[in-house]
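Participant: Go by the hints and put chain S onto chain R.
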Amino acid sequence: MQVFGSFALLLAFVLACYGLLAGGMGIALGRGRLQASAERASLMIFPAVLAAAICLLGLIFHNDFSVAYIAEHSNRALPFYFKFAVLWSGQEGSLLFWSTVLAAYTFIALLTSGRRHPHLRPLAAVILSGILTFFLFLNNFVAAPFASLPMGTPADGSGLNPLLQYSQMDIHPPILYLGYIGFSIPFAFALAALIKKAPGDRWIQVTRLWSMIAWAFLTVGIILGGYWAYKVLGWGGYWAWDPVENAAFLPWLTGTAFLHSVMMQEKRGMMKIWNVGLIFATFFLTIFGDFLTRSGIVSSVHAFAQSSIGNYFVVFLIIIAAVCLFVFIRNRGALKGENRLESTVSRESGFLFNNFVLLVTAFAILWGTLFPVLSEAIQGEKITVGREFFDRINIPLFLFLIFLTGVGPLLAWRRTSLGSLRRNFFWPALAGVATAAVLLALGVRAAYPLVSFGLCAFVIVTIAMEFFRGARVLSRRGRSFPAALVHLTSRNTRRYGGYIIHVGIILMAMGITGSAFNKDVEAPMPYQATMQVGPYQLISQSYTQDDNPNFSSEAEMIEVRENGKYVATMYPSRRFYKASNQAESMVAIRSRPLADLYLVYAGDDANTNQPILHAYWNPLMMWIWIGTLVVIFGTLVALLPNRTQEPARPRPLAEKSAEPVPPEVAVAN
Amino acid sequence: MRSVTWKFGAIIVVILATLGWLAFTAVRDSKAYFVTVTQLAAMPPAEAHARSLRVSGDVVPGSIRKGAQETDFKISQGGRVLDVAYTGTDPLPDTFVDNAQAVAAGHLLADGSFRASGVQAKCASKYEPKGARASGAAPRASAGAM
Chain R
-8 MQVFGSFALL LAFVLACYGL LAGGMGIALG RGRLQASAER ASLMIFPAVL AAAICLLGLI
52 FHNDFSVAYI AEHSNRALPF YFKFAVLWSG QEGSLLFWST VLAAYTFIAL LTSGRRHPHL
112 RPLAAVILSG ILTFFLFLNN FVAAPFASLP MGTPADGSGL NPLLQYSQMD IHPPILYLGY
172 IGFSIPFAFA LAALIKKAPG DRWIQVTRLW SMIAWAFLTV GIILGGYWAY KVLGWGGYWA
232 WDPVENAAFL PWLTGTAFLH SVMMQEKRGM MKIWNVGLIF ATFFLTIFGD FLTRSGIVSS
292 VHAFAQSSIG NYFVVFLIII AAVCLFVFIR NRGALKGENR LESTVSRESG FLFNNFVLLV
352 TAFAILWGTL FPVLSEAIQG EKITVGREFF DRINIPLFLF LIFLTGVGPL LAWRRTSLGS
412 LRRNFFWPAL AGVATAAVLL ALGVRAAYPL VSFGLCAFVI VTIAMEFFRG ARVLSRRGRS
472 FPAALVHLTS RNTRRYGGYI IHVGIILMAM GITGSAFNKD VEAPMPYQAT MQVGPYQLIS
532 QSYTQDDNPN FSSEAEMIEV RENGKYVATM YPSRRFYKAS NQAESMVAIR SRPLADLYLV
592 YAGDDANTNQ PILHAYWNPL MMWIWIGTLV VIFGTLVALL PNRTQEPARP RPLAEKSAEP
652 VPPEVAVAN
Chain S
55 MRSVTWKFGA IIVVILATLG WLAFTAVRDS KAYFVTVTQL AAMPPAEAHA RSLRVSGDVV
115 PGSIRKGAQE TDFKISQGGR VLDVAYTGTD PLPDTFVDNA QAVAAGHLLA DGSFRASGVQ
175 AKCASKYEPK GARASGAAPR ASAGAM
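Note that the protein sequences, when read in sequence, are chains R and S. Position one of the first sequence corresponds to residue -8 (the working numbering), numbered consecutively onward. Position one of the second sequence corresponds to residue 55 (the working numbering), numbered consecutively onward.
Excised from the complex, chain R in its bound form (with noise of 0.2 Å):
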């Protein structure tokens, strides 16, 4: 298996190699033959590394210990359901996984791309076999995940890291994998179309879906970490700066101004300089991230790896930055915009002020970031900037970012006249200032969270006019109104479905300000003791041990009240995993829309033994998971094709047999 395995490796690294120079030689010399092959040969790369991965998790799943990264990295009485995860919980299985994820995507990409788009396939195809050239080359030359242990084969391995043993942990990082690795496609169409001269739009058309299939997977990944992070590691939050959510999240901000400029482009026919480069960048972040990942460059309690792994990205990088700048300063002539802009108040202002907003805040997070190796580097002296820098930079600039979300739909295309702002806003602005005006009576003194909801009111305010007008228009026509809003969504599924996307955004926005009102209290809880967190009373009611042999643990049974009634039973728990030697806290976590009561087992008190609690009261939290559902449901509406026409009718028996009529596909709003 081990021999198979490495095997189909060189031969991905060896069909990368010939999709990257024989493809490339064949189009510059114009060789049609040389150029097929070497497509072919990029198709092929995904069997072989599916070979090599299957290989790895059947080992895996084998218990081979003679294999010194499933030694180092499972365990006999490991569920097999975590088995899966070894694949990705270290340097050289994830290496192997991205390597894995990135073909799945090319050999896709070029079979749907295939007839309708020839003239860039090629192309995208030599750059493609490039970037699998990197990994493959990590794969076979410097993290191989089938290396045998020099010392011989222990009896049993040493064991999943407790933390990755939740169910969220078998499904963030390759969901995040996902997301990351999915922007090299529109990357690789939108470079071939730069390199060969091609009409702007042609790349956006077909790398359309995929932006948006690759951004919702980072979203959807980026909060599983922090959902994650939240249930299983105990200090009450989800998200803290660290060097590795950023890593993740500037790649999210740039493909999120890239997702929302490509309409300027689109309508308009400007922007178009701005757009590659926003997707050279967004896709520069991804690997950067991974580079930040795994270089330890910035020291993160993510624990890095150190290792000189972080070279190899560095010349990765520097070439890609090489390539990217050299294609587009001797091409850019094929950039030029059609159209100017007109107004300050206009649909496009908005979009370039949100696009502006997103880029300032990737940089601010990145500065933020390295700064520790910047000032090192300057100054001489390591010098980190905590949670604070981020918060107090990036509060102001979502705010705007919300604000921006509710008008930019409001506005006209070119101009707005005075009028038409009045007639859209009055009701919005008027929800947003009555929100924040109840709060403030309410007693919430707080000047960002007052913004905040009153900003969340006046973007759902809006979002619901245009819902309620399109549809008010269609049902005057003799549909119902739940019927009319869902054909108005389903003609137009990328507006309307971008706009289900900002209802989640503004949910999860609302969820995260609630993290303004949170309240936590620690205290050691013997039996029969008490304590008040927020609105609930807790009773330590007794104590419990247990064993297995995973692991062995601790609980204590606290009752919660509210007002005096008993309302629930919570076990916050400590666990000791046996085969890693590591102890680890389980949450208790009551979740209610209006707050979660999340409960920690912190130890025990040195000097009196006593079992010590740590209670928060976190308001909102539940609506970050919602918003998050919500944006998952808009990205797939917006994914849809639109339908132009009206549903067919029932046909007669006799067509029934008759093929069905693709949907058409028609160019969205």
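Treat the hints with care, since some could be wrong.
Unchecked claim - To give an idea of the interface, some chain R residues facing chain S are shown, with a C-beta separation under 10 Å as derived from the structure:
#1 ARG193
#2 LEU224
#3 VAL348
#4 ALA355
#5 TRP358
#6 ILE369
#7 ARG378
#8 PRO387
#9 PRO400
#10 PRO515
#11 GLN519
#12 MET522
#13 SER576
#14 GLY594
#15 ASP596
Stated by the list, open to error - Covered stretches of chain S, as calculated for chain R (at least 3 residues, CB under 8 Å):
#16 77 to 89
#17 134 to 142
#18 164 to 171
Calculated directly from the structure, the hints in this document are not laboratory data. None of these values were measured; they are calculated from a predicted model. Even glycine gets a Cβ: it sits at the ideal position worked out from N, Cα and C.
Facilitator: Okay, now just chain S, sitting in the frame of chain R:
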């Protein structure tokens, strides 16, 4: 130049200036100097006592004493030992155990001990935790505002 360009320029300059000011004050208020225990000992006393610091070292085995109000422990590095009193509000991370690599964030007191408002730790042991960070999701382990 067209007036639209000017208006845009002006708005962007205003936003950038505001942010620049925010960034400047945020760095001024939240920056901390990252040093090892040895480097801390070599720092001029005036600087060491005035600055916000993040000190890294290994947790001395058996030195962790958890109390209701504060947790005391020692970290060592390069033969030097630093007494730390953690008074932050967040629970200590699970990875904070004997021999772990720890980073204490806080201030040096006049008596030479260290008052930490935050502690981060990662296991130094056999658990080469090189794993998850690859996925962007490695063991996060921190307490308090770092």
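Participant: Could you run down the list of hints and mark each one as holding or not?
Facilitator: Now for the hints, and whether the structure bears them out:
Contact between ARG193 of chain R and chain S, as hinted, is not supported at the beta carbon level, the nearest pair being about 29 Å apart and thus beyond 10 Å. For LEU224 of chain R, the shortest C-beta to C-beta distance to chain S is roughly 5 Å, which falls under 10 Å, so the interface hint holds. A distance limit of 10 Å between C-beta atoms decides the matter here; for VAL348 of chain R the minimum to chain S is near 8 Å, and the interface restraint holds. Taking 10 Å as the C-beta contact cut-off toward chain S, the hint placing ALA355 of chain R at the interface holds, the least distance being around 7 Å.
A hinted interface residue such as TRP358 of chain R counts as satisfied when its beta carbon comes closer than 10 Å to some beta carbon of chain S; here the least separation is about 8 Å, so the hint holds. At its closest, the beta carbon of ILE369 of chain R sits 13 Å from a beta carbon of chain S; the interface hint therefore is violated under the 10 Å criterion. Among the interface hints, the one on ARG378 of chain R holds; its C-beta lies about 6 Å from the nearest C-beta in chain S, closer than the 10 Å criterion. Checking PRO387 of chain R against chain S: minimum C-beta separation of about 7 Å stays under 10 Å; hint holds.
Evaluation of the PRO400 of chain R hint against chain S yields a violated restraint, the C-beta minimum of about 20 Å exceeding 10 Å. Because the smallest distance between the Cβ of PRO515 of chain R and any Cβ of chain S comes to about 5 Å, under 10 Å, the interface hint for this residue holds. Annotation: interface hint on GLN519 of chain R violated; nearest CB of chain S at approximately 17 Å, more than 10 Å. Contact between MET522 of chain R and chain S, as hinted, is not supported at the beta carbon level, the nearest pair being about 12 Å apart and thus beyond 10 Å.
The restraint placing SER576 of chain R at the interface with chain S holds, with a minimum CB-CB distance near 6 Å, inside the 10 Å limit. Taking 10 Å as the C-beta cut-off, the interface hint given for GLY594 of chain R holds, the closest approach to chain S being about 6 Å. Among the interface hints, the one on ASP596 of chain R holds; its C-beta lies about 6 Å from the nearest C-beta in chain S, closer than the 10 Å criterion. A count of 11 residues in the region 77 to 89 of chain S with a Cβ less than 8 Å from any Cβ of chain R is obtained; the coverage claim is therefore met, three being the minimum.
Closer than 8 Å: that is the beta-carbon criterion, and the region 134 to 142 of chain S has 0 residues meeting it against chain R, so the requirement of 3 is violated. Remark: the region 164 to 171 of chain S is not confirmed as covered by chain R, as 0 of its residues place a Cβ nearer than 8 Å to a Cβ of that chain, below the required three.
Checked against the numbered hints above, the structure breaks hints 1, 6, 9, 11, 12, 17 and 18 and satisfies the rest.
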